[in-house]
Amino acid sequence: MDDPVVHQYMVKIIGEDGVAILGRLPAGEIVDEVVSADTGMDINVIRKTLFKLYENRLASYRRERNPETGWLTYHWSLHLDNLYERLDIEFARLLKNISERLEFETSNVFYTCKNNCARFLFEVAAETDFICPVCCEELFYQDNGGLVQRLSDRITEMEATIRK
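Residues in the sequence shown are numbered from -1 upward in steps of one, following this note's numbering.
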């Protein structure tokens, strides 16, 4: 995981411990108990990591029941070839969320009190006669121009990345 974007995405999904585990997993199909015994790593952390990878479609498993004990053994396969597809999906979701936030910020007028208890839409501020319902201080117009500019800049950066 030399790519910092990939590394950060994996940290988001499975955490630093999970990334460390991922780096120590052998190639091919694995069994969590065997990996734990071979590496000395905690079985629960290994299982948690594998299930998080499964939830994000980066791993799959098959179950095998021991006929003598009835216990299930999970055989895991990693599908890290799906990683860039998952990153593209995450990137698109993030771009959509930022775009929606920009639309919300540019379409509304906000008010807040001097204590910054909360941000209120104009409609809510007007209903409370421009008095904060939390601390009873007067509500003042909040200029969100800086936030709008940062969101707009971020969208431009992300769209430029897509074009590359």
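Quick caveat, the hints were computed from the structure, so don't treat them as lab data. Remember, predicted model here, so these are calculated numbers, not experimental data. There could be a bad hint or two in this list.
Straight line, CA to CA, 25 Å or less: simulated DSS-like cross-link-like pairs of lysine-lysine [what the hints assert, rightly or not]: (1) K112 to K50; (2) K46 to K94; (3) K50 to K10.
Label-pair restraints from in silico Cβ distances [what the hints assert, rightly or not]: (4) T159 to N80: 30 to 36 Å; (5) E98 to P131: 53 to 59 Å; (6) R84 to C133: 24 to 30 Å; (7) P131 to F102: 20 to 26 Å.
All residues carry an ideal CB built from backbone N, CA and C; glycine is no exception.
Against the structure, the hints come out as follows:
1. A threshold of 25 Å between alpha carbons decides the hint, and for K112 with K50 the separation of about 43 Å lies outside it, so the pair is violated.
2. Pair hint K46 plus K94 does not hold up; C-alpha atoms about 29 Å apart against a cutoff of 25 Å.
3. A distance of roughly 10 Å separates the Cα atoms of K50 and K10; the hinted pair therefore holds under the 25 Å criterion.
4. Between T159 and N80 the CB atoms are about 20 Å apart, so this pair departs from the stated range of 30 to 36 Å.
5. About 26 Å separates the C-beta atoms of E98 and P131, a value inconsistent with the hinted range of 53 to 59 Å.
6. At roughly 44 Å, the beta carbons of R84 and C133 sit outside the given window of 24 to 30 Å.
7. P131 and F102 have their C-beta atoms about 21 Å apart, which keeps the hinted 20 to 26 Å range intact.
Checked against the numbered hints above, the structure violates hints 1, 2, 4, 5 and 6; every other hint is satisfied.
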